[in-house]
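Chemist: Please work from the sequences and hints to get the whole structure.
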Amino acid sequence: MSETLVQKIISRHLGGKAVKPGDVVMLPCDVVLGNDASTNGAIRVLHEMGVDRLPDPSKVVTVADHFAPAKDVISATLLKQMQDWAQEQGVAFYGQGRGGIEHTVLIEEGWVVPGSVIAGGDSHTCTYGALGAFGTGVGLTDLACCMATGMFWQTVPDTIRVVFSGTRRPFVRGKDLILAVLAQTGVAGATGSVLEFTGSAVVDLSIDDRMAVSNMAVEAGAETGFFPADGVTAEYLQSRANRAWSAEASDSDATFARELHIDLNTLSPQLAWPHLPGNVTAASEADTKKVDQVYIGNCANGTITDLRDAAAMMRGRQVANGTRMIVVPASRRVYKQALEEGLLQVFVEAGAVVSAPTCGACFGGHNGVMAAGERVVATTNRNFRGRMGSPEAEVFLANASVAAAAAVAGRIIDPRELESAA
Amino acid sequence: MIVTAVVVPGDNVDTDVLYPGKYINILDPMQARLHLFEGLDPSLRDKLRGSTALFVGENFGSGSSREQPASAMVASGVRCLIGRSFARIFGRNAVNCGLPAFVNPTAVDAVLDGAEVDVDLRTGVVRIGERDFESAPMQSVPKEILAAGGLVKWVRTRSTSPRS
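Those sequence lines, one after another, are chains A and B. Note that this note's numbering has the first sequence beginning at 1, numbered continuously upward. Note that this note's numbering has the second sequence beginning at 423, numbered continuously upward.
Derived by calculation from the structure, the hints in this document are not laboratory data. Cβ atoms here follow ideal geometry from the backbone N, Cα and C, with glycine treated the same way. There may be inaccurate statements among the hints.
[As the list claims (entries may be wrong)] Listed below are several chain B residues computed to face chain A (Cβ distance under 10 Å; list not exhaustive):
#: 1; residue: Asp450
#: 2; residue: Gly461
#: 3; residue: Ala492
[Stated by the list, open to error] Some chain A residues well away from chain B (every beta-carbon gap over 12 Å; in silico):
#: 4; residue: Ala42
#: 5; residue: Arg240
#: 6; residue: Gly342
[Stated by the list, open to error] A few chain A residues that face chain B, going by a derived Cβ cut-off under 10 Å, partial list only:
#: 7; residue: Glu48
#: 8; residue: Phe67
#: 9; residue: Gly121
#: 10; residue: Thr198
#: 11; residue: Gly199
#: 12; residue: Ala201
#: 13; residue: Val202
#: 14; residue: Tyr236
#: 15; residue: Leu276
#: 16; residue: Val369
#: 17; residue: Ala371
#: 18; residue: Arg385
Modeler: In structure tokens form, the structure reads like this:
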């Protein structure tokens, strides 16, 4: 039987029933995630569904991140309501100071293991593909359905295989790999599909780099984007997985809808221009644009790897006059690690602000939103019009080295240029 | 049913322009609808009087999982969407809210903003003037959910739905 990895995962969750792309199934989930934006909506829907107590609270996780720390009274009320509800239902809750941004937290805390199905009330639930999980985003009614019945409706996707080959060049990270993919697929090219990331270069990608890649699968329209589990996955999970798992991969004779090839030998740092994540060029092609703010953070690119890259660029340098820089460690663990390594000191000495973990300005919520006419270079995942504040602001997406180099130079430059000037 | 066509121009109309992120802490669709289309063209809201159908481009609703774009449309009297294509999560949210999202590019090509059109909400056949435009067939489960009036009602009517 020749099956893709996603077929195997779905089939196993249906008790072994064979599935093919296009079938619609009720897919049981192993973990259900909600944040302060989606959980509270789901609580309303659960009432409408007539469900007062969750049948299986042990698989539900809630995280305070979108408007945490509370930005206003409405948000504070929602955060409180979620916390009270989580306690009443007996579901896991990561509150302010304990967790951080949902996807980073669930991965760090061992909720995500290869082959699992995770439905989350957030579109970037696809980040769990970094560990070979079928993580996918759903709206709040779906989220309530998952909490009430343990299942959601899902069309079995076909698979687009992405083959990464060659060796990464300096200042190239997972972010650049996925931006290169988006340059090929555009923002809808993977609709109805999953992206499966393979190839000889994958073994060189840490889980942090893989998170950056999987995180933006949804930006190609995909259901999710995953890396089949390997030795890197096993090592990462050794001390943190909260349940057993086994590695799976697509069969060698499985049928793929399409195959993309990215040669890392020729890939330079990339940049997504306003207002689509698929508007991608080499970062070096934008070297005259003045930058008002640099934002380092979010559910995939506020990792310790990103903070180390940014600090390496900032050490002994200053944020340019007329430019602001915000560093948002994605979780308590990342924050603590950065503190211990002295990275936060580097940022503060350079004139950057270090914030509490939050989704913050990534989605235009609070904590560093942009004014009309301003330009931001962000390590985030969306640059839609108005995404980070004013519809008249411009958002450029890049890796942490490119973003930090922009903070120092006050304009977008290739980080190799800054290094050679030093 | 006879509805007024409201054309939303452009492709890749994303959830951030449909409903900006700063308002995702508003959960009541009647309140949320006051911010629908805010990042795109707020005047589109004024066209949502009576029963309407939105005619939209490629990859409509891309981006966030926020459900307010779909639920605010329902609260504004939008009865269905006719589009070239829909982004994954938006398409799900629409169905879950009981709002049919039909893939029908030729109808999008043919329609004029403000026209009265006849849409069969069950089959997706769109009558514009004297011509019928068939939508792409909808899959079984979303069809059932729409027939039930949305996911909440569908869950309630299923025998497997838990009761506490």
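Chemist: To test your reading of the hints: which numbers does this structure violate?
Modeler: 4, 10, 11, 12, 13, 14, 17
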